[in-house]
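There are 2 protein chains.
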Amino acid sequence: MQATPPPATATAPSTVTAPSAANRLRLRRLGIDTYQEPVLYMHRDCPICHSEGFEARSRVELRLNGYTIVATLNVVSGDFLSADEAGLSEAAWRLLHARPGEEITLHHPAPLESLSHVRAKVYGRRLGQAAIDAVIADVAAGRYSDLQLAAFVTACAGDHLDMDETIALTRAMVNVGERMHWGEGLVMDKHCVGGLPGNRTTMIIVPIIAACGLRMPKTSSRAITSPAGTADTMETLAPVDLDVTQIRRVVDRTGGCIVWGGAVRLSPADDILIRVERPLDLDSQGQLVASVLSKKAAAGATHVLIDMPVGLTAKVRSAHAAKLLGQQLEQVGRALGMQVRVVQTDGVAPVGRGIGPALEARDVLAVLRRETRAPADLALRALQLAGQILEFGGAAPAGSGLAQATAVLADGRAWQKFQEICEAQGGLREPPVATHQQAVPARHNGTVIAIDNRRLARIAKLAGAPSAACAGIDMNVQLGTVVERGQPLFTLHAATPGELAYALEYATSQAEAVHVMEEA
Amino acid sequence: MQATPPPATATAPSTVTAPSAANRLRLRRLGIDTYQEPVLYMHRDCPICHSEGFEARSRVELRLNGYTIVATLNVVSGDFLSADEAGLSEAAWRLLHARPGEEITLHHPAPLESLSHVRAKVYGRRLGQAAIDAVIADVAAGRYSDLQLAAFVTACAGDHLDMDETIALTRAMVNVGERMHWGEGLVMDKHCVGGLPGNRTTMIIVPIIAACGLRMPKTSSRAITSPAGTADTMETLAPVDLDVTQIRRVVDRTGGCIVWGGAVRLSPADDILIRVERPLDLDSQGQLVASVLSKKAAAGATHVLIDMPVGLTAKVRSAHAAKLLGQQLEQVGRALGMQVRVVQTDGVAPVGRGIGPALEARDVLAVLRRETRAPADLALRALQLAGQILEFGGAAPAGSGLAQATAVLADGRAWQKFQEICEAQGGLREPPVATHQQAVPARHNGTVIAIDNRRLARIAKLAGAPSAACAGIDMNVQLGTVVERGQPLFTLHAATPGELAYALEYATSQAEAVHVMEEA
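Residue numbers (the working numbering), protein chains in the order written: chain A, 1 to 520; chain B, 1 to 520.
With the rest of the complex left out, here is chain A:
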């Protein structure tokens, strides 16, 4: 659909003749975080609103500097926006690479033909590759509103995707993004389904694998709702925001990397679907499989080890469920040309001692440097997974992977390789240490019988994690520790006194974050 010619009237600001000049407005950054949804704010009295027939919740195509997005319109009658301005939400601002005062062009978006496939799915029909390609291309281009995304996610949830559709969805998601190619030879990768707090095994596994001669170019994510993602933690030790060329150079030189995946646009449709999947909390095995494997296929992996923590409070609750999901991952992986192996691990307890980017990095460094304070649980999980990957990639005979991984860590080769990788990524640095720290003491003698990971995560975020890299929580106890009144349960780390106070206030009011059973 084309934009219509401009009105030439008394109330229009000026009589314009070229259609291209008609639908232009001066940009204004409103600084409104709508989560990821691009929102356009136009004043009720804006002539373009009238002449184009735009209304609240209209979808409007925005063009600027060669970028095109579709945003949802909110109509403003307040006085913080004038009639010749277009306000943008933060997501829209970022996507358009906008600068204040630039002129933006507004159009009616083309009809969203691929919604007919979403409707077909709602009616229970099977979708072929072409239909799924069309939907995912529109999703990746940002042409679906959040409501339309919710409809697609719902239509696919509840096991409504069969194996062929799951494969087609995974392929479509790979095809709309960038794809890394590594030439001949194996490319190892790993993924953890439904991560555990502090489970930073990646930063220990990659140098072990690379030190044993296998390639492992690892892209990781930043925190979305947690106090730290692997990319946040790694960033306290070395730059992670590398482009494709830089990543290739690091991997060519060292055999591995640990970088932020968001900078390389692998499976971008996945990032968009996730933003509605989370609040809906709808289980969809097909979408989970497509999400995980599209990222891996786009990253060029040939061998993917899946770490699947199983536990009553983990994402996967039983060994049986883990087996079914594992089979689906292996089958879809095969269709995409990847070998996938699934390892069930213990999903009951958090891993390591630190919560927050720098504190988790400190734990990782302690393991790599073989310090006595290194958390044994973190080291053991990393070694077990690394051993599996070594066997999977043929670098260790069956049954000897764990021993080999342990040797590579113990003799310092892993630490040596980690330093090489950090140098190649831009230079190893020491993680920052918080200037403000305060212990939260036990209120009485007793035994730690429960630790609430969700409450601890909340406290770490109140202390400033992950945006303040030094902020978070350092655990002084673990399950089963016997404590005396006044003994520290955990220590808060913060960059400012205000954040320390917030976190302390909340921690004090939430005594059950670390539950100490009083002795009888």
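Simulated from the structure, these hints should not be mistaken for laboratory data. Just so you know, even glycine gets a beta-carbon here, dropped at the ideal spot from N, CA and C. There may be inaccurate statements among the hints.
[What the hints assert, rightly or not] Covered stretches of chain A, going by a simulated chain B footprint (3 or more residues, C-beta under 8 Å): (1) 275 to 284; (2) 325 to 336.
[To be verified] Between beta-carbon pairs, the in silico distance windows are: (3) B:123 - A:403: 41 to 47 Å; (4) A:103 - B:452: 30 to 36 Å; (5) A:77 - B:455: 25 to 31 Å; (6) B:225 - A:77: 17 to 23 Å; (7) B:123 - A:427: 49 to 55 Å; (8) A:454 - B:244: 42 to 48 Å; (9) A:113 - B:370: 47 to 53 Å; (10) B:101 - A:478: 48 to 54 Å; (11) B:323 - A:179: 23 to 29 Å; (12) B:244 - A:77: 28 to 34 Å; (13) B:65 - A:335: 54 to 60 Å; (14) A:454 - B:124: 29 to 35 Å; (15) B:443 - A:335: 54 to 60 Å.
Based on the hints, put chain B in the right spot on chain A.
Just chain B, lined up with the frame of chain A:
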């Protein structure tokens, strides 16, 4: 979940002790129309944001003056909102009956337990009355975000609701709103499925039925996306914004009424579901049936005539589809204690001459006053439907309804009754006439071979309809009219020269709104 105690820190504006005083912010009306979704805007630096862990897209419970709603949070970093203010979208402002500067209380909303039923539906399970009651109670209370509403609508679309579920949904929707009771005797009602432009038969039918001694308390809607709803059109002749007591008085006195349904909160969940159904454009016969019949049951109807226009561009496209939908409406109606009768009508062409509140009212008045300029098609449709209702309600013998309705219109009793109804509603008035009018002429000799209702509706809205009641389009031709170059095709009506110019500009560029085939 309870709100947590306030932080007492250096950066908090003051040290507060009572939890009830903790989460209070001064209200600010931002004048942002987010369509119907309640949105809360809080500054990134607001202490409550930090202490409660609220983030973009968090759901936040707002309490004010005894009203409680749940809103979606947008976090603001711009300078148009300060850290101690809470901005509200227009929908949130209305729902809370807010006034500037009042203090609002913020809480974490209780977990939305009924979402488990939505998930069950996604998994293909049948929902019982209790489950559907729980969902609809939360929907009506505004506890579902738009994303969650979209998931529910999608899960129910595509014939996923069986007859029992449709009945349960209709019951649940009736039960969460107000319900009107009329005591003994019949209460007639009508509804048009997928209306035609200009199809204002209601305003002719109600006085005919009431004049024949049957009760017909009719609640109608305002325009949502069209240039006029029946309530908008009626409002140019008499007040329509009546409360339940006033409606009862009008009906007791005259036997009928034509009022705005939005003022009486009949089936409020329907209004909420519609706001996501429209942009998704997902066909759901069960939801359509529940939507129509819940409004009728809540209005206290005993007999409902459904006007079902059938045509290739109408909502119902074939006689077969009409029959299936009709059977479902009759069956669900019966379960709710109503008799439902469906009449298939011609759904090909628009009805009458005017488009826009006052111009449509003029057509209605012309029919009631038996003026020679009265549009015959509007009169005939109204008489046929009125005749059916008279027979349905036992006020006319089978086969004689049309004749009786025609007699009541012809001898002035319908016009007399319409004046009574208007007087009882607050006084009959003449519809306004636009001060700015301009004809859009034919560009060449020929025959009118097509009229694009959607483009005409757009033009009428650009001219200012429905908010400017006098604005709209007056058709000077119809399908088949032979015109000469320069002869007016339609006349634009507007309240301001600016709107007239906008509409004219668009109408001139969209020659195919009324397509004149040139003679060879």
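* So which of the earlier hints does this model not fit? -> 2, 11
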